[in-house]
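Colleague: Use these hints to put chain W onto chain S, whose structure you have.
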Amino acid sequence: MTAHLAQLNIAAPVGPREDPRMAGFYAELDRINAIADGWPGFVWRLVDDDGADATSLQPFGGDIMVNMSVWQSLEALREFTFRSGHLDILRRRREWFRPFGDASMVVWWVPEGHVPTLVEAEERLDLLRREGPTPRAFTFRDPFPAS
Amino acid sequence: MPDLPDDQEIDALAALADTRRRAVYEHVAAAAGALSRDQVAEALGIGRNLAAHHLDRLAEAGLLDVSFARLSGRAGPGAGRPSKLYRRSAAEHAVSLPPRGYRALAEVFADAVEEAGVEPALYAAARRHGARLAGGPAEETLRRLGYEPYADGDVWRLRNCPFDGVARTHPGAVCGANLALLEGALGGGVRIDPGPGGCCVVVDRGTRVTKINGDLF
Numbered sequence: 468m469t470a471h472l473a474q475l476n477i478a479a480p481v482g483p484r485e486d487p488r489m490a491g492f493y494a495e496l497d498r499i500n501a502i503a504d505g506w507p508g509f510v511w512r513l514v515d516d517d518g519a520d521a522t523s524l525q526p527f528g529g530d531i532m533v534n535m536s537v538w539q540s541l542e543a544l545r546e547f548t549f550r551s552g553h554l555d556i557l558r559r560r561r562e563w564f565r566p567f568g569d570a571s572m573v574v575w576w577v578p579e580g581h582v583p584t585l586v587e588a589e590e591r592l593d594l595l596r597r598e599g600p601t602p603r604a605f606t607f608r609d610p611f612p613a614s
Numbered sequence: 155m156p157d158l159p160d161d162q163e164i165d166a167l168a169a170l171a172d173t174r175r176r177a178v179y180e181h182v183a184a185a186a187g188a189l190s191r192d193q194v195a196e197a198l199g200i201g202r203n204l205a206a207h208h209l210d211r212l213a214e215a216g217l218l219d220v221s222f223a224r225l226s227g228r229a230g231p232g233a234g235r236p237s238k239l240y241r242r243s244a245a246e247h248a249v250s251l252p253p254r255g256y257r258a259l260a261e262v263f264a265d266a267v268e269e270a271g272v273e274p275a276l277y278a279a280a281r282r283h284g285a286r287l288a289g290g291p292a293e294e295t296l297r298r299l300g301y302e303p304y305a306d307g308d309v310w311r312l313r314n315c316p317f318d319g320v321a322r323t324h325p326g327a328v329c330g331a332n333l334a335l336l337e338g339a340l341g342g343g344v345r346i347d348p349g350p351g352g353c354c355v356v357v358d359r360g361t362r363v364t365k366i367n368g369d370l371f
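As given, the protein sequences belong to chains S and W, one line each in that order.
My numbering numbers the first residue of the first sequence as 468 and each following residue consecutively.
My numbering numbers the first residue of the second sequence as 155 and each following residue consecutively.
One chain only, chain W, in its complex shape:
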């Protein structure tokens, strides 16, 4: 069971209290790759120095990771200085008051499910849970559930895995439950197709939420 949130967690949260800084964070988090100060400044219509200030403050708080690269693609003398680039940190920040430890319990449940071999019951429960979350167009539903969808040809790919921690320790059961949950929420058109990062599920872009009714599940 976690103790009170430590200073680092509080600091991460506090860094987002400023609305403009929060907009900077959201813009970087939604980007496919790392962004430079100029790119962020331009996209948000703010000055370069202000963008740099917010980006560095977010990096300091552990919310963004920093790297350096030459954007021009040139190398060697005359290629210019490398740009400072920012992308969302993979580190998780959770602040819960009073302290709650659902992650630990999720791992215990997943252990028990895998040992007992009751994945089919887990998937059925996840599908029912998904059905309760259904409503609206697929993209909106995915966004609301934290998957961060982006279009890739005929499918939505999902930049974020909302169950990342426990999905790493119990991928079979958790990715299966995740797929079933999305099946329930979107009424179908989903399959497992993992890439190097993000969620393992892809969603057909033709998917429209079907009317969920009692006898569907």
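Chain S with its partners taken away, still in its complex shape:
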């Protein structure tokens, strides 16, 4: 069975959508999502009822934003993250998001065709925070092969 890679990212914005400090982020969002959608190895990403992105979903309470997606391989996600227009957003993230002081990104292997749920994703992030990187929940820094 082919394994795909699921990814969750959570972020604490410096203000709500209409906050002028967030304007730069929202100005880039559609463009970056379009790059992801067309990137080799992209499979799926979470969208809200508007269907464009997941920014209106705040399943973890407070003002925490989520970003969840599935990729054909770790390499595909890594290339998109670091070798596309997304890199400049990563570079600028402190203009828009506060640091967590704890893991805010996790990846894990899923069977091909599986659409991860936010409950599942939260479990994986908790696991990473509790036990550090393991084959069930890890990061780019400490990757594990699909079993």
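Pair by pair, the computed Cβ-Cβ distance ranges are:
no. : chain 1 : residue 1 : chain 2 : residue 2 : range
1   : W       : Ala266    : S       : Pro612    : 22 to 32 angstroms
2   : S       : Glu587    : W       : Gly349    : 29 to 39 angstroms
3   : S       : Gly505    : W       : Pro252    : 45 to 55 angstroms
4   : S       : Asp516    : W       : Gly271    : 26 to 36 angstroms
Computed from the model, here is a short list of chain W residues facing chain S with C-beta under 7 angstroms:
no. : residue
5   : Glu273
6   : Pro274
7   : Thr323
8   : Cys329
9   : Pro348
No lab work stands behind these hints: they were computed from the structure.
Nothing here was measured: the structure is a model prediction, and the numbers come from that model.
Virtual Cβ for every residue (Gly too), placed ideally from N, Cα, C.
Modeller: Okay, now just chain W, sitting in the frame of chain S:
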């Protein structure tokens, strides 16, 4: 902390002791793609056998990677034997006596920066550092700092990322610091525009180093 450099590192360095072989290495390293023995021999005005000897010695030492391809573009019977091609290896070689481990410390610093969310302070420090390295035309400055620039239309693209290892583990912070450093060194005209390889920054070719003065930063 690394131990004394191992035999492989010493061998890599020793392979470059011969000045003509070093010229072969530098020529291959500066090329956009892989080169054949004939191409290297012709470019350096040396015999094909001598070029082959140096190229193979460099490959043996781990400084060059070898591949095989038909240069003519033809395939099938009659296309001729594939040529042996050489390109610079991506493997890093560092020899430090006494042993130094700055890379490990860089990763620790980058961890701390990302956890604390103090990237803006990192970028400001990188910009100041860049300003101290400024001087001369952009291309010369980029070359001196190890970026290996090449012209691509209106911009310089940079074949080498001097911070490659730690840029892979901490791309947000390191590429941001790299951009700020180049902003400081070149006075502007730089932006992030990553391609499949090399450095993530491109530099406008119109860039001229502006006089760096104290109140600029």
